[in-house]
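Engineer: So the chains spell out like this:
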Amino acid sequence: MTAHPAPRERSAASVTVPMALLAELTHRCPLACPYCSNPLELTRADEELSTAEWIGVFEQAAALGVLHLHLSGGEPASRRDLVELVAAASRLSLYSNLITSGVGLTETRVKALADAGLDHVQLSIQGTSAASADRIGGYKGGYQRKLAVAGWVAGAGLPLTVNAVCHRQNMDELEAMIALAVELGARRIEVATVQFHGWADRNRAALMPTREQAAAATVLVAAARERYKGVIVIDYVPADHFATYPKACMGGWGKVGLNVTPSGKVLPCHAAETIPSLTFESVRDMPLERIWREGAAFNAFRGTDWMQEPCRSCERRDIDFGGCRCQAMALAGDPAATDPVCVRSPLHGLLVEAAERDAAAEAGAFVYRGR
Amino acid sequence: MTTPAALRIDGSVRLRLARGVRLHRDEVRGQTVLLAPERAMALDDIAQRIVAALDGQRTLDAVVDGFAEAFNAPRDEIAADVLAFVRELADRRMLEEMP
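Protein chains in written order, with this note's numbering: chain A, 1 to 371; chain B, 1001 to 1099.
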């Protein structure tokens, strides 16, 4: 006799209202950061959604309950219609956040964005000197340009967050990066240890922080939060390869946010395309709300029904949701496996060994995209 | 380069929401939220009233006086609640001081 598994039911109530939409307006970017989170295969400019298509996505997102709209890329300033897109977001009362390298912005354009209703700017830095930052970003003159952009942002009255991706080759500059952010007038800094997806995986041996660096960064951030209380808010993503439990990736799959690629594919997270068993719908073919509620990729890991052991019976399953699905795919070969970052994963030992091996490797030259 | 100082929160300051922090009526969820970078704080009625009172013109003392009168409640209690909430917003860099 065969036991038939109960059909998988999903009531409408179990689908939450999304808070945030990350709009990857384009994959074009003048920089070549060795940890670029965009996929290995980039979308071509002629495949990108048009201005009207993006505005349609924003309208649907606002109706769906999205509050935060992140305008990202690639470099979003590579889109000629950026001001127009910001104006549309503003009309819809979406909280618009421009995530930029700064390259492609001018003082006039920053002012136009502010006038169009942009709410906030998030500017990346790669280091605290032109030499180190421009080498990491693969763009000569980038560092100086970023300092200028920060000044224009302040001049336009826009609030600024500095975004600092940390890895072995700049983690020792962390204190100086926080000080630079304060000096640039940022109200907030995101200190995010590099995630080994996409292009970053190619550069693991050059980027993996050492265990000592990861521990020192955590201590440093705690002290800096105290010292700069009320001056700058520090958000921190620690190095998860040296962690005990995985991060609560995306705040839960299909729970808080969604991501639209330059060509309109809707993803539960920016790296979701690395999971070969998933299929994705496009805003060109289906309403956004239907994709969010019914899309196969969104329902694949929504909630906890999909979990295997040790996650299924774990008391932390609603805290970290089993960690990162893309990392489970990359390291365990199974997107429903426990993220190997978790000490309870049978693969955790191998993950730590690999991280320590990469951290001890001689930091050779970066492999830059397209070069 | 000197480090900018955190806001001094006492009864004499005039505060308002900083640029990039704004109230939003969230019709989908039926609530009022305070939007800021990477944050959406759902505000209850009292919190909404406090935020509305941070108009950059009244001092915090005046705001507290107003609430003490409106709610007919002990001023000390009101002051403690208002200051705790205002400090929380200030620590998140959501407020600015007006001269």
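Because the hints were derived from the structure by calculation, they are not lab data.
Beta carbons: idealized from backbone N, C-alpha and C, even for Gly.
Some clues are possibly wrong.
[Unchecked claim] The calculated label-pair distances, taken between Cβ atoms and stated as ranges, are: (1) B:1019 / A:346: 24 to 30 Å; (2) A:131 / B:1052: 37 to 43 Å; (3) A:215 / B:1044: 38 to 44 Å; (4) B:1044 / A:284: 37 to 43 Å; (5) A:53 / B:1012: 49 to 55 Å; (6) B:1005 / A:309: 34 to 40 Å; (7) B:1012 / A:129: 41 to 47 Å; (8) B:1071 / A:356: 34 to 40 Å; (9) A:155 / B:1099: 16 to 22 Å.
Engineer: Tell me if the beta carbons of residue 1012 of chain B and residue 129 of chain A are separated by a distance inside 41 to 47 Å.
Structural biologist: Once the Cβ atoms are compared, 42 Å apart, the range 41 to 47 Å for residue 129 of chain A and residue 1012 of chain B holds.
Engineer: Between residue 1044 of chain B and residue 284 of chain A, does the C-beta distance stay in 37 to 43 Å?
Structural biologist: holds, 41 Å
Engineer: So does residue 131 of chain A sit 37 to 43 Å from residue 1052 of chain B, Cβ to Cβ?
Structural biologist: violated, 50 Å
Engineer: How does the Cβ-Cβ distance of residue 1071 of chain B and residue 356 of chain A compare with 34 to 40 Å: does it lie in that range?
Structural biologist: violated, 60 Å
Engineer: Range first: 16 to 22 Å. Now tell me if the beta carbons of residue 155 of chain A and residue 1099 of chain B are that far apart.
Structural biologist: Since the Cβ atoms of residue 155 of chain A and residue 1099 of chain B sit about 20 Å apart, the hinted range of 16 to 22 Å holds.
Engineer: Would you say the C-beta atoms of residue 53 of chain A and residue 1012 of chain B sit inside 49 to 55 Å of each other?
Structural biologist: Check passed, 52 Å falls within 49 to 55 Å.
Engineer: Is 24 to 30 Å right for how far apart the beta carbons of residue 1019 of chain B and residue 346 of chain A are?
Structural biologist: violated, 50 Å
Engineer: Between the beta carbons of residue 1005 of chain B and residue 309 of chain A, is the distance compatible with 34 to 40 Å?
Structural biologist: violated, 53 Å
Engineer: Range first: 38 to 44 Å. Now tell me if the beta carbons of residue 215 of chain A and residue 1044 of chain B are that far apart.
Structural biologist: holds, 40 Å
Violated hints for the displayed structure, listed by number in ascending order: 1, 2, 6, 8.
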